[in-house]
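Please work from the sequences and hints to get the whole structure.
In the order they appear, the protein sequences are chains Y and C.
Under my numbering, the first sequence has 172 at position 172, and the numbering climbs by one with no breaks.
Under my numbering, the second sequence has 285 at position 285, and the numbering climbs by one with no breaks.
Honestly, the hints are just simulated from the structure, not real lab data.
We treat Cβ as the ideally placed atom computed from N, Cα and C, and that holds for glycine.
Keep in mind that the hints are not guaranteed to be accurate.
[Claimed, not checked] Computed from the model, here is a short list of chain Y residues facing chain C with C-beta under 7 angstroms:
| # | residue |
| --- | --- |
| 1 | ASN94 |
| 2 | SER108 |
| 3 | VAL161 |
| 4 | ALA191 |
| 5 | TYR221 |
| 6 | LEU256 |
| 7 | ILE257 |
| 8 | GLY274 |
| 9 | ALA285 |
| 10 | SER299 |
[Stated by the list, open to error] Between beta-carbon pairs, the in silico distance windows are:
| # | chain 1 | residue 1 | chain 2 | residue 2 | range |
| --- | --- | --- | --- | --- | --- |
| 11 | C | LEU52 | Y | TYR252 | 46 to 56 angstroms |
| 12 | C | THR310 | Y | PRO211 | 45 to 55 angstroms |
| 13 | C | ILE241 | Y | ARG239 | 23 to 33 angstroms |
| 14 | Y | PRO211 | C | PHE187 | 42 to 52 angstroms |
| 15 | C | ARG234 | Y | LYS100 | 32 to 42 angstroms |
| 16 | C | ASP37 | Y | LEU321 | 31 to 41 angstroms |
| 17 | Y | PRO211 | C | LEU55 | 39 to 49 angstroms |
| 18 | Y | MET323 | C | PHE51 | 47 to 57 angstroms |
| 19 | C | ILE241 | Y | MET323 | 48 to 58 angstroms |
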Amino acid sequence: MKKNFKIISLSILILIQLILFQYLLRVEPSILGWEITNLYFVIIITFSLTLSALLKMISKQYPKHILGVNFIIAFIVILLIYRTIGIYVISIFNEGTTFKFSVVALVSMTLYYYIQKAKSGEEIYLRPIAGLKAIEEAVGRATEMGKSVLFVPGISDLDQVETVSGLILLGHVAETTAKYEAGLNVPVSKAIVMEAARETCRESYLRAGRPDLYYDDMVHYLTDDQFAYAAGVNGIMVREKPAACFYLGKFYAESLILAETGNSIGAIQIAGTGSPSQIPFFVTACDYTLIGEEFFTASAYLSKKPELLGSIKGQDIVKGLIMITMVLTVILHGFFQAGWIEFDIVTLFGH
Amino acid sequence: MFLKRHIPIFIVIGVGLLTLFGHFINHKGIQDFVEKDALQWFEIIASFAIFLGSLNMLKLQMLKIIRKQKNWPYSALAVLGFAFAIFAGFFYRGANYIVISDINESNIIPITEILTEELQLKKPESIPDKIRASEDGYEIPKIFMTQSGAEIIMEKLEIFDVNMELKSKKWGAHLTERGSLFSWMFFNIFNPLSSTMFALLAFFVASASYRAFRIRNFEATLLLVAGIILMLGRVPIGELIPWWVVAILIVFGLGAISAPWIKNRKMVFSLITGGIVLFLGVGFAMGWNQTPPQILLIPVIQDWIFDYPTTAGSRALMIGIALGIVATSFRIIVGIERSFLGE
Chain Y
1 MKKNFKIISL SILILIQLIL FQYLLRVEPS ILGWEITNLY FVIIITFSLT LSALLKMISK
61 QYPKHILGVN FIIAFIVILL IYRTIGIYVI SIFNEGTTFK FSVVALVSMT LYYYIQKAKS
121 GEEIYLRPIA GLKAIEEAVG RATEMGKSVL FVPGISDLDQ VETVSGLILL GHVAETTAKY
181 EAGLNVPVSK AIVMEAARET CRESYLRAGR PDLYYDDMVH YLTDDQFAYA AGVNGIMVRE
241 KPAACFYLGK FYAESLILAE TGNSIGAIQI AGTGSPSQIP FFVTACDYTL IGEEFFTASA
301 YLSKKPELLG SIKGQDIVKG LIMITMVLTV ILHGFFQAGW IEFDIVTLFG H
Chain C
1 MFLKRHIPIF IVIGVGLLTL FGHFINHKGI QDFVEKDALQ WFEIIASFAI FLGSLNMLKL
61 QMLKIIRKQK NWPYSALAVL GFAFAIFAGF FYRGANYIVI SDINESNIIP ITEILTEELQ
121 LKKPESIPDK IRASEDGYEI PKIFMTQSGA EIIMEKLEIF DVNMELKSKK WGAHLTERGS
181 LFSWMFFNIF NPLSSTMFAL LAFFVASASY RAFRIRNFEA TLLLVAGIIL MLGRVPIGEL
241 IPWWVVAILI VFGLGAISAP WIKNRKMVFS LITGGIVLFL GVGFAMGWNQ TPPQILLIPV
301 IQDWIFDYPT TAGSRALMIG IALGIVATSF RIIVGIERSF LGE
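Pasting the structure below:
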């Protein structure tokens, strides 16, 4: 109880600092006659110190099962008090985004909690994902056939999370090709992706102990245009006939053109994307498809790092929470429509 | 290590947090950074990076040509295309136009006739009014790729004793001006090639559908049935299919589903026949010929499939994807995910 009190006290301290901070942002900063920059500095230092004290306290002293609960309680207390007092002060939040912010914070807290839990040694089960298991099989097949492996990281730039996920998987594929001594061909459609992919491949070949097999041009630029890129990759497929094709990134209409061409040359194909409209095409034309969130779990699945695995469990818990929220929303909105309650829950979501 | 690992991670964490909070915090400086500055920085970096990409592409293709590697003529074509695009974009405007002024009222109609005939202009009836209305001279609405092309027209107009000036569109504007060399390349080479690639999708969709619709298991059968209903429901013939055909198909479908559990084939046959007779009997008795129930109309079934099961499935998928993106972003922002840096 005493520890809980400490946490909540620290949280309230953070809250007070937040309010002070928003005063400095929005109200004339004539407090104590200081310059505004000095005040910013003082606030930021005290804020960081309080936050680090809070994090230190909850991450060391608490049993795991109450750690997250306390964290979430502290957050809700902060938010509630902030909202209550915030009415009298000018809010630092954009109007109508408080709910969104609370959700983002709650999701982040949940993910953080499960990451901490996984770090502290809790075993986390991940169901087998056929597409990820098949990567080694596909590269092995290419090696046996004496052919290369083709990796397509999508047509989007590095500002898309799918592209980042694709590059993470490229690292694993490159490590496997280095181990098996198979050729790797990575045509890209964005120059920034080319540089990032080169770095990823270089590191992977180094990690596999085969830096001698790496050369810059295994990752090469084709064009920025969608269909010109599709034509270029198709050309590579038809001419070089790679034994394995990976399509991991963000795709649009070119997905089926690529996957069907890959199918026609008899390559083993593994695809994964976050574009819902392209998933059916990949499912139809590829041997393995990482559907939806499977694609984003790849990094955790392949590395088996506890902090990454923890975030996957957190993600599933959030999904469970979303399901509960959806059911509750339907019920409460039904009650509102029936006239049994006066509060319409849908207004929370901006409707 | 510090330059290659720590600094990039600090940048990722800092910019990530700033971008995330920029959506929520009501501070002009932060919002300006998120909505304008950061995007502009990205554009600038991407613009410079394109040089790296282009040089890499050129280098690879040139090496193929020099070494006479297999299929090197394709590389030669790629290099030629690249050089031509650079030429039309940076070195040759090819966007000439003529401005005529000091035109006598009596010459307006003959000039209009010549322009219409020579340049095949659209809406020639509006040209005289435009000539009269133009104070700084009338710009002939045609872009000439070469100066000699423009000069041919100018020679024909010389007899009217008008003041003519041959001008060129500004650099940059020549890229979008229809009729310039660059736009000619865009509309006559690039566009048809892109459209061809896009059109290939139609054939690929057909072959992919064939593969997906092959009856292998219950799910594939369901997909086939849903696919056929959707295809029929979205074409005019779908509306012409009478209720009793749909009714019979429903009975057949139910029979197919229940058949594995009923071993006696005669029983299956009797059930299906009985079902059809019953369905049709009830239908005719209730006057479904005039007003069939909505559930027996293909377009209505199609709409239902599209609006409910499909939407539900795709939204479930989208929630999963969104959560995956949130979790990946969180891992990147807090610095746990460093695989993209090669770790």
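Verification of the hints:
At a threshold of 7 angstroms, the smallest CB-CB gap from ASN94(Y) to chain C is about 5 angstroms, leaving the interface hint in force. Given hint, SER108(Y) at the interface with chain C, holds; its Cβ is 6 angstroms from that chain's nearest Cβ, closer than 7 angstroms. Given the 7 angstroms rule on beta carbons, the hint for VAL161(Y) holds: about 5 angstroms separates it from the nearest Cβ of chain C. For ALA191(Y), the interface hint holds, since its Cβ comes within 7 angstroms of a Cβ in chain C; the closest pair sits about 3 angstroms apart.
With its C-beta approaching chain C no nearer than about 4 angstroms, TYR221(Y) sits inside the 7 angstroms limit, and its interface hint holds. Taking 7 angstroms as the C-beta cut-off, the interface hint given for LEU256(Y) holds, the closest approach to chain C being about 5 angstroms. Annotation: interface hint on ILE257(Y) holds; nearest CB of chain C at approximately 6 angstroms, less than 7 angstroms. Interface restraint check: GLY274(Y) against chain C, minimum CB-CB distance 5 angstroms, threshold 7 angstroms, status holds.
Checking ALA285(Y) against chain C by beta carbon gives a least distance of about 5 angstroms; that is within 7 angstroms, so the hint holds. A cut of 7 angstroms between beta carbons decides the hint on SER299(Y): the least distance to chain C is about 5 angstroms, and the hint holds. At roughly 24 angstroms, the beta-carbon separation of LEU52(C) and TYR252(Y) lies outside the given 46 to 56 angstroms, and the hint is violated. Between THR310(C) and PRO211(Y) the beta carbons are some 49 angstroms apart, a value that agrees with the proposed interval 45 to 55 angstroms.
A C-beta distance of roughly 47 angstroms is found between ILE241(C) and ARG239(Y), which places it outside the suggested range of 23 to 33 angstroms. Here the CB-CB span from PRO211(Y) to PHE187(C) is close to 47 angstroms, well matched to the stated 42 to 52 angstroms. For ARG234(C) and LYS100(Y), the Cβ-Cβ distance of about 37 angstroms falls inside the hinted range of 32 to 42 angstroms, so the restraint holds. Taking 31 to 41 angstroms as the suggested C-beta distance range, the pair ASP37(C) and LEU321(Y) conforms, at roughly 35 angstroms.
A hinted range of 39 to 49 angstroms for the beta carbons of PRO211(Y) and LEU55(C) is inconsistent with their spacing of about 24 angstroms. Range check, MET323(Y) to PHE51(C): about 49 angstroms between beta-carbon atoms, so the 47 to 57 angstroms window is met. About 39 angstroms separates the C-beta atoms of ILE241(C) and MET323(Y), a value inconsistent with the hinted range of 48 to 58 angstroms.
Checked against the numbered hints above, the structure breaks hints 11, 13, 17, 19 and satisfies the rest.
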